[in-house]
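According to UniProt numbering, the stretch in the sequence shown is residues 1 to 132, in order.
Treat the hints loosely; a few may be bogus.
[Stated by the list, open to error] Below 25 Å or equal to it, Euclidean Cα-Cα: the simulated SDA-like pairs (lysine to any residue) are:
| no. | residue 1 | residue 2 |
| --- | --- | --- |
| 1 | LYS32 | GLY49 |
| 2 | LYS38 | ALA8 |
| 3 | LYS58 | ASN35 |
| 4 | LYS32 | MET1 |
| 5 | LYS32 | GLY48 |
| 6 | LYS38 | ARG23 |
| 7 | LYS38 | ARG3 |
| 8 | LYS58 | GLY39 |
| 9 | LYS58 | ASP98 |
| 10 | LYS38 | GLN26 |
| 11 | LYS58 | GLU15 |
| 12 | LYS38 | ALA19 |
| 13 | LYS38 | TYR24 |
| 14 | LYS58 | SER81 |
| 15 | LYS32 | LEU45 |
| 16 | LYS32 | ASN124 |
| 17 | LYS58 | ASP131 |
| 18 | LYS58 | THR11 |
| 19 | LYS58 | ARG84 |
| 20 | LYS58 | GLU93 |
| 21 | LYS58 | GLY83 |
| 22 | LYS32 | SER46 |
| 23 | LYS38 | GLY49 |
| 24 | LYS58 | LEU7 |
| 25 | LYS38 | ASP5 |
If you're looking for bench data, these hints aren't it; they were derived computationally from the structure.
Remember, predicted model here, so these are calculated numbers, not experimental data.
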Amino acid sequence: MARLDHLAVYTTQLEVLRAFYLRYFQATSNEKYLNLRKGFASYFLSFGGDARLEIMQKDSVSASGAGIGEEYLGITHLALSVGRQEEVDSLTERLRTDGYTVVGEPRRTGDGYYESVILDPDGNRVEIVADP
């Protein structure tokens, strides 16, 4: 059976995005990988499970046509579990206080998840979910 190893996203602010996930989601990070010939740098971020998030920066990659925070075809969000409902609520408020955009207030979804949705520093949608 296959398993998800990692999801990768390009950014124009590699260190800012890394710091965001380390600070708010207690991710751990490997050492920065650099390929100067290709103008490429990346980190792998781990969140305590098997799957990782690779954040990458490359000089030749341009922004997509979608606006910040807009939905689009393809991968649309990253969901990170923080434990209990109270932790979803408190982290959502902490992020709001620190100036991040909350695009979905904490709620119970029709399919049973308790979640909120915020935008990371690049405008990627991040669902903050409670364990089922």
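Quiz item: Are the Cα atoms of LYS38 and ASP5 separated by 25 Å or less?
Solution: Between LYS38 and ASP5 the Cα gap is close to 24 Å, so the pair holds against 25 Å.
Exercise. For the pair supplied as a hint, LYS58 and ASP98, confirm whether the alpha-carbon distance does not exceed 25 Å.
Key: Distance of about 28 Å is beyond 25 Å: violated.
Quiz item: LYS38 and TYR24: Cα distance at most 25 Å?
Solution: violated, 31 Å
Quiz item: Taking only the CA atoms, is the gap from LYS32 to GLY49 under or equal to 25 Å?
Solution: Given pair LYS32, GLY49 holds - Cα atoms ~20 Å apart, limit 25 Å.
Quiz item: Taking 25 Å as the top limit, are the C-alpha atoms of LYS38 and ALA8 close enough?
Solution: Distance of about 17 Å is within 25 Å: holds.
Self-check item: LYS32 paired with SER46 [C-alpha distance capped at 25 Å]
Solution: Holds, at about 14 Å.
Quiz item: Are the Cα atoms of LYS32 and LEU45 separated by 25 Å or less?
Solution: holds, 11 Å
Quiz item: Taking only the CA atoms, is the gap from LYS58 to ARG84 under or equal to 25 Å?
Solution: violated, 37 Å
Quiz item: Is the hinted pair LYS58 and SER81 satisfied, with a Cα-Cα distance of at most 25 Å?
Solution: violated, 29 Å
Quiz item: Is the hinted pair LYS58 and GLY83 satisfied, with a Cα-Cα distance of at most 25 Å?
Solution: violated, 34 Å
Quiz item: Is LYS58 within 25 Å of LEU7, Cα to Cα?
Solution: holds, 16 Å
Quiz prompt | 25 Å limit on alpha-carbon distance, applied to hinted pair LYS58 and GLU93 | solution = violated, 33 Å
The structure fails to meet hints 4, 6, 7, 9, 10, 13, 14, 17, 19, 20, 21 and 23 from the earlier list, while all remaining hints are met.
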